[in-house]
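Asker: Construct the entire structure; sequences and hints are all you get.
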Amino acid sequence: NAGVTQTPKFRVLKTGQSMTLLCAQDMNHEYMYWYRQDPGMGLRLIHYSVGEGTTAKGEVPDGYNVSRLKKQNFLLGLESAAPSQTSVYFCASKNTGTAFSGANVLTFGAGSRLTVL
Amino acid sequence: DAKTTQPPSMDCAEGRAANLPCNHSTISGNEYVYWYRQIHSQGPQYIIHGLKNNETNEMASLIITEDRKSSTLILPHATLRDTAVYYCIVGRRMETSGSRLTFGEGTQLTVNP
Numbered sequence: 001n002a003g004v005t006q007t008p009k010f011r012v013l014k015t016g017q018s019m020t021l022l023c024a025q026d027m028n029h030e031y032m033y034w035y036r037q038d039p040g041m042g043l044r045l046i047h048y049s050v051g052e053g054t055t056a057k058g059e060v061p062d063g064y065n066v067s068r069l070k071k072q073n074f075l076l077g078l079e080s081a082a083p084s085q086t087s088v089y090f091c092a093s094k095n096t097g098t099a100f101s102g103a104n105v106l107t108f109g110a111g112s113r114l115t116v117l
Numbered sequence: 001d002a003k004t005t006q007p008p009s010m011d012c013a014e015g016r017a018a019n020l021p022c023n024h025s026t027i028s029g030n031e032y033v034y035w036y037r038q039i040h041s042q043g044p045q046y047i048i049h050g051l052k053n054n055e056t057n058e059m060a061s062l063i064i065t066e067d068r069k070s071s072t073l074i075l076p077h078a079t080l081r082d083t084a085v086y087y088c089i090v091g092r093r094m095e096t097s098g099s100r101l102t103f104g105e106g107t108q109l110t111v112n113p
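Chains as they are written, first to last, in this note's numbering: chain A, 1 to 117; chain B, 1 to 113.
Since the hints were made in silico from the structure, they are not lab data.
Glycine is no exception: its CB is placed at the ideal position from the N, C-alpha and C atoms.
Hints should not be assumed to be uniformly reliable.
Pulled a few chain B residues facing chain A out of the computed Cβ check, cut under 10 Å [as the list claims (entries may be wrong)]:
1. Y32
2. Q38
3. S41
4. G43
5. T65
6. R92
7. F103
8. G106
9. T110
10. V111
Answerer: Shown next as structure tokens:
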């Protein structure tokens, strides 16, 4: 009963390096999301997916790419990391829901803390 | 999606009720009110949601005004573990729309011993 698992939990990168954050959910959820959270701020949506093989841009997509090749996994990539991408990244998922119950109830991962030097 | 306004911070004594207000004056008829909280350094956690009727679950109660322009989240007996940032969000029920929830800055609730 893992829910949403994010790896890695911590990572330090140098400017220009690339990396991928992995989000895995075992709840058979259709929708998955990547958010970033900077100190003292709310969450900002980077990219999201409404199903396997689909992705869409959120509020702050620049500098990131995503893929959803398998329903249970949602990958967030940084091709050339910049100090401005230092943040805590949260992945979330939710099901389609039926009627009232379960609508827009997101399950979040524990977060991945990324530092870009 | 409608925007919300919450006080940046609130204090509450342990064992007392914590009442967290939220204004959402531009909410539309098909938008729900959702509450999440985020305990320091953890991922946000769903608390409760409602459309127009008051709702209660094992965590909290949600009171929505008749005109739906504001709501209050009530933690009936706050504990130190309830210290967190509380987010009030309005959004459509998703399904095919895949509607997204927008998290603002929320209210930092501090429960004091």
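Asker: Does each hint hold? Answer for all of them.
Answerer: Evaluated hints:
1. Y32: At about 7 Å, which falls below the 10 Å cut-off, the nearest Cβ of chain A leaves the hint on Y32 (chain B) intact, so it holds.
2. Q38: Cβ of Q38 (chain B) sits 8 Å from chain A, so the hint holds.
3. S41: 7 Å, holds
4. G43: 3 Å, holds
5. T65: T65 (chain B) check fails; min Cβ-Cβ to chain A is 20 Å, beyond 10 Å.
6. R92: Given a least distance of 8 Å, the restraint on R92 (chain B) holds.
7. F103: 4 Å, holds
8. G106: 6 Å, holds
9. T110: With a closest approach of 15 Å, the T110 (chain B) hint is violated.
10. V111: Where the cut-off is 10 Å and the nearest Cβ of chain A is about 20 Å from V111 (chain B), the hint is violated.
The structure is inconsistent with the numbered hints 5, 9, 10, although it conforms to all the rest.
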